[in-house]
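Chemist: 50 is the number of the first residue of the sequence shown in our numbering; add one for each residue after it.
These aren't lab readings, by the way, just hints derived from the structure by calculation.
Just so it is clear, the structure is predicted and the values come from calculations on it, not from any experiment.
Treat the hints with care, as some may be off.
Unchecked claim - With a cut-off of at most 30 Å between alpha-carbon atoms, the simulated DSS-like pairs for lysine-lysine come out as follows:
id, residue 1, residue 2
1, LYS352, LYS330
2, LYS125, LYS108
3, LYS674, LYS609
4, LYS673, LYS165
5, LYS674, LYS655
6, LYS344, LYS165
7, LYS647, LYS674
8, LYS125, LYS655
9, LYS104, LYS125
10, LYS125, LYS609
11, LYS125, LYS521
12, LYS592, LYS609
13, LYS592, LYS521
14, LYS566, LYS490
15, LYS330, LYS384
16, LYS344, LYS332
17, LYS352, LYS335
18, LYS647, LYS165
19, LYS263, LYS384
20, LYS490, LYS592
21, LYS647, LYS521
22, LYS673, LYS609
23, LYS384, LYS332
24, LYS673, LYS592
25, LYS655, LYS521
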Amino acid sequence: MYRHLEQQLRAAVRDFFQRTYGLDLPQIVINQAPNVEFGEYALSLAFELAKTLRKAPHKIAEEVVAGIGAVPGFAKFEVAGAGYINARLNRAELAAALAVTLAAGKDATAAPPSGKTLVEHTSINPNKAAHVGHLRNAILGDTFVRLLRFAGREVDVQNYIDNTGVQVADVVVGFLHIEGKCLAEIEVLTRAPRFDYYCWDLYAQVSRWYAEDKARLQMRGQVLHALEEGGNDTAAMAELISTAVLRRHLETMERLDIEYDFLPRESEILHLHFWDAAFAKLKEGKVLFFEEQGKNQGCWVMKRAGAEAAANEELTDEDQKVIVRSNGTVGYVGKDIAYHMWKFGLLGRDFGYRRFLVYPNSHQCWMSALTGETEHPHFGDVSEIYNVIDARQSDPQTTVIEALRGLGYQAQADHYTHFSYEMVALTPRCAAELGYELSEKDKQRAYIEVSGRKGFGVKADDLLDTLIANAKQEVDSRHPETPDEERAAVASQIAIGALRYFMLKVTKSSVIAFDFKEALAFEGETGPYVQYAVVRATNIFRKGGFDPDQFRAENIDWEKQLGGDADNDIWDLWLTAAKTSYIVDQCIATTEPAYLAKHAFQMAQKFSYFYHRHPILSETDEEKKALLLATTAVIRRELTRILAVMGITVPAVM
Numbered sequence: 050m051y052r053h054l055e056q057q058l059r060a061a062v063r064d065f066f067q068r069t070y071g072l073d074l075p076q077i078v079i080n081q082a083p084n085v086e087f088g089e090y091a092l093s094l095a096f097e098l099a100k101t102l103r104k105a106p107h108k109i110a111e112e113v114v115a116g117i118g119a120v121p122g123f124a125k126f127e128v129a130g131a132g133y134i135n136a137r138l139n140r141a142e143l144a145a146a147l148a149v150t151l152a153a154g155k156d157a158t159a160a161p162p163s164g165k166t167l168v169e170h171t172s173i174n175p176n177k178a179a180h181v182g183h184l185r186n187a188i189l190g191d192t193f194v195r196l197l198r199f200a201g202r203e204v205d206v207q208n209y210i211d212n213t214g215v216q217v218a219d220v221v222v223g224f225l226h227i228e229g230k231c232l233a234e235i236e237v238l239t240r241a242p243r244f245d246y247y248c249w250d251l252y253a254q255v256s257r258w259y260a261e262d263k264a265r266l267q268m269r270g271q272v273l274h275a276l277e278e279g280g281n282d283t284a285a286m287a288e289l290i291s292t293a294v295l296r297r298h299l300e301t302m303e304r305l306d307i308e309y310d311f312l313p314r315e316s317e318i319l320h321l322h323f324w325d326a327a328f329a330k331l332k333e334g335k336v337l338f339f340e341e342q343g344k345n346q347g348c349w350v351m352k353r354a355g356a357e358a359a360a361n362e363e364l365t366d367e368d369q370k371v372i373v374r375s376n377g378t379v380g381y382v383g384k385d386i387a388y389h390m391w392k393f394g395l396l397g398r399d400f401g402y403r404r405f406l407v408y409p410n411s412h413q414c415w416m417s418a419l420t421g422e423t424e425h426p427h428f429g430d431v432s433e434i435y436n437v438i439d440a441r442q443s444d445p446q447t448t449v450i451e452a453l454r455g456l457g458y459q460a461q462a463d464h465y466t467h468f469s470y471e472m473v474a475l476t477p478r479c480a481a482e483l484g485y486e487l488s489e490k491d492k493q494r495a496y497i498e499v500s501g502r503k504g505f506g507v508k509a510d511d512l513l514d515t516l517i518a519n520a521k522q523e524v525d526s527r528h529p530e531t532p533d534e535e536r537a538a539v540a541s542q543i544a545i546g547a548l549r550y551f552m553l554k555v556t557k558s559s560v561i562a563f564d565f566k567e568a569l570a571f572e573g574e575t576g577p578y579v580q581y582a583v584v585r586a587t588n589i590f591r592k593g594g595f596d597p598d599q600f601r602a603e604n605i606d607w608e609k610q611l612g613g614d615a616d617n618d619i620w621d622l623w624l625t626a627a628k629t630s631y632i633v634d635q636c637i638a639t640t641e642p643a644y645l646a647k648h649a650f651q652m653a654q655k656f657s658y659f660y661h662r663h664p665i666l667s668e669t670d671e672e673k674k675a676l677l678l679a680t681t682a683v684i685r686r687e688l689t690r691i692l693a694v695m696g697i698t699v700p701a702v703m
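Construct all of the structure, not just a fragment, from the sequences and the given hints.
Modeler: Have a look at this one:
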């Protein structure tokens with residue numbers, strides 16, 4: 050609704066300048082007024098057009114206000130300052146509509162594009178336990194999926210499994226050459242709880258083992274060759290290990306209510322010859338060329354994005370991206386190009402599909418296979434792609450996009466988005482709480498970087514367990530009379546809400562320094578603070594004997610209660626609630642979920658002020674009481690809806 054009114058205002062302004070000055074204004078910026086006392090929207094275009102129209106901004110603003118005419122949903126327009134234009138909504142009209150629209154949980158977002166959207170996220174190497182950095186990827190990706198679905202888009206969620214890469218090879222090396230275990234012994238280990246923890250320690254041990262004798266790295270190469278070739282005991286061992294670790298990853302993510310539709314694996318990309326099909330197309334389209342000299346001699350390379358050779362000169366080695374090495378092996382980026390051609394339906398090949406997992410809600414997760422079931426969902430052939438991958442992968446992502454452009458697939462390249470984010474680290478306090486020994490220098494750092502290869506970091510399940518235990522202590526102290534099972538469920542909701550909010554509130558381009566105390570705080574910009582606003586609103590209805598889900602605003606004179614110069618603080622709360630779909634569209638357009646987290650926090654803050662300012666249940670004016678209850682109901686429902694998009698549920702008590 051907020052977006053619809055903005056669009057109507059923009060159309061009216063555009064029409065005024067067309068008929069008055071003969072100007073076509075394709076871009077009209079509309080801002081929010083700094084305070085609802087001045088109106089709901091503000092325009093500064095009079096300043097931008099002063100030179101073109103050869104008039105003072107104030108004069109232009111006066112002419113707009115005098116000549117724009119009636120605009121549906123707006124009460125009046127005013128000139129402010131040296132030439133700003135403030136637009137005031139018809140509050141009574143909008144409040145009556147909002148009472149129905151928001152109470153029903155309906156508010157249209159921008160029209161979704163046609164076709165299916167693919168979001169790839171998590172994509173953890175299946176060689177060890179997931180850590181805190183992986184959680185940021187998964188939470189960002191899952192929230193973005195929820196944002197897209199809120200906006201009415203059809204979305205496939207994929208989790209790419211690199212089960213033949215270096216990381217898995219290193220764990221296989223560890224089992225073979227350090228522990229001397231055979232396939233049967235490893236199979237027994239995979240059935241033990243948290244097998245991924247075992248692999249975490251072994252992976253770090255292998256890294257130290259390589260460092261002791263660099264010649265041992267040749268064993269990695271031998272294992273990698275066996276994995277790519279397939280059909281041997283080493284490949285069977287890698288399959289067993291990677292599948293067991295993957296199942297643990299999915300269990301970890303399920304604790305956060307994160308699900309997937311399809312798990313494409315690198316082994317199938319290799320053995321179904323996706324790369325061969327892509328390689329032929331890349332050579333035919335002259336995207337790749339064979340280098341006959343220099344450092345990259347014998348390699349198939351492509352031009353790096355933005356690289357240009359001088360007249361009559363070849364590209365330098367630094368301007369070339371090696372796709373196929375001189376020994377004939379294809380690098381990671383080459384396989385990624387083939388994979389993304391499949392995503393867009395450009396490869397002419399497809400996976401086999403097999404059922405892998407059924408979630409408690411009966412949702413089916415599929416996995417790639419060499420041959421599979423006849424009946425299966427249709428994956429791939431999508432209209433747009435969002436890859437949630439950290440900022441360090443920007444170069445490979447750009448290479449894939451440039452390969453698509455080189456093949457002539459401009460539309461697909463334009464709809465390929467690298468959803469980039471920065472790493473997660475630990476505050477020194479958090480690292481110390483987890484038992485890590487820190488030097489004096491480390492204690493003075495802003496954050497401590499994690500490293501899976503070194504075995505330094507926070508395992509995702511350990512983090513969740515610690516958060517839940519800390520939340521349980523708080524819940525136990527506040528609600529000792531509540532049955533233990535219920536207190537445990539509440540603690541889990543609070544802990545997961547705290548973690549998800551903490552990961553989302555920071556813009557994705559910023560490094561996160563995780564801290565238990567900050568994340569679990571009930572005050573400040575945290576998940577529990579927003580959850581508590583909903584619990585508080587629910588308690589108001591419970592004490593008053595009302596059902597908040599069935600409450601409807603009736604017998605309210607909206608003009609008297611909210612129109613004109615009525616209570617601006619209450620109106621501001623309603624207006625904030627009306628902006629959710631507008632914020633969702635902004636999050637999607639910028640791939641930045643932090644805007645929604647900020648929106649939730651601001652609404653919770655405003656509701657807290659409203660709660661302390663107005664004695665809702667003891668209000669003696671029945672019409673005013675109805676307004677206060679209607680406001681509480683709308684905010685409760687809207688915050689619940691926003692939190693659901695963030696993957697956060699609301700506990701019964703806090």
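Chemist: Indicate, hint by hint, whether the structure satisfies it.
Modeler: Going down the list of hints, with the structure as the test:
1. A C-alpha spacing of about 16 Å is found between LYS352 and LYS330, which places the hinted pair at or below 30 Å, so the restraint holds.
2. Simply put, LYS125 and LYS108 have alpha-carbon atoms about 18 Å apart, close enough for the 30 Å limit, and the pair holds.
3. The suggested pairing of LYS674 with LYS609 holds, with an alpha-carbon distance near 13 Å, which does not exceed 30 Å.
4. Restraint check: the Cα-Cα separation between LYS673 and LYS165 comes to about 47 Å, which exceeds 30 Å; the hinted pair is violated.
5. Taken as a hint, the LYS674 and LYS655 pair is honoured in the structure, with Cα atoms around 18 Å apart against an allowance of 30 Å.
6. Simply put, LYS344 and LYS165 have alpha-carbon atoms about 42 Å apart, too far for the 30 Å limit, and the pair is violated.
7. Under the criterion of a C-alpha separation no larger than 30 Å, the hint pairing LYS647 with LYS674 is consistent with the structure, at around 29 Å.
8. Between the alpha carbons of LYS125 and LYS655 the distance comes to roughly 26 Å, so the proposed pair stays at or under 30 Å and holds.
9. In summary, the hint linking LYS104 to LYS125 is supported, as the alpha carbons are separated by about 23 Å, within the 30 Å threshold.
10. A distance of roughly 18 Å separates the Cα atoms of LYS125 and LYS609; the hinted pair therefore holds under the 30 Å criterion.
11. Using a Cα cut-off of 30 Å, the hinted pair LYS125 and LYS521 is violated, with the two alpha carbons roughly 53 Å apart.
12. For the given pair, LYS592 sits about 27 Å from LYS609 by alpha-carbon distance, which is consistent with the 30 Å threshold.
13. Among the hinted pairs, LYS592 with LYS521 is consistent with the structure: their alpha-carbon atoms are about 26 Å apart, no more than 30 Å.
14. Distance hint between LYS566 and LYS490 is fulfilled; the C-alpha atoms sit about 22 Å from each other, no more than 30 Å.
15. At most 30 Å may separate the alpha-carbon atoms for a hinted pair to count; LYS330 and LYS384 meet this at roughly 13 Å.
16. The straight-line distance between the Cα atoms of LYS344 and LYS332 is roughly 21 Å, inside the 30 Å bound, and the hint therefore holds.
17. Between LYS352 and LYS335, the direct Cα distance comes to roughly 11 Å. Compliance with the 30 Å bound is thereby established for this hinted pair.
18. Note on LYS647 and LYS165: the hinted pairing holds, with a Cα-Cα distance of about 28 Å set against a maximum of 30 Å.
19. Restraint check: the Cα-Cα separation between LYS263 and LYS384 comes to about 28 Å, which is no more than 30 Å; the hinted pair holds.
20. With a CA separation close to 54 Å, the supplied pair LYS490 and LYS592 exceeds the 30 Å bound.
21. Distance hint between LYS647 and LYS521 is fulfilled; the C-alpha atoms sit about 26 Å from each other, no more than 30 Å.
22. This hinted pair checks out: LYS673 and LYS609 have alpha carbons roughly 10 Å apart, not beyond 30 Å.
23. A threshold of 30 Å between alpha carbons decides the hint, and for LYS384 with LYS332 the separation of about 15 Å falls inside it, so the pair holds.
24. For a cut-off of 30 Å, the pair hint linking LYS673 to LYS592 stands: about 18 Å separates their Cα positions.
25. For the suggested pair LYS655 and LYS521, the alpha carbons sit about 28 Å apart, so the restraint of at most 30 Å is met.
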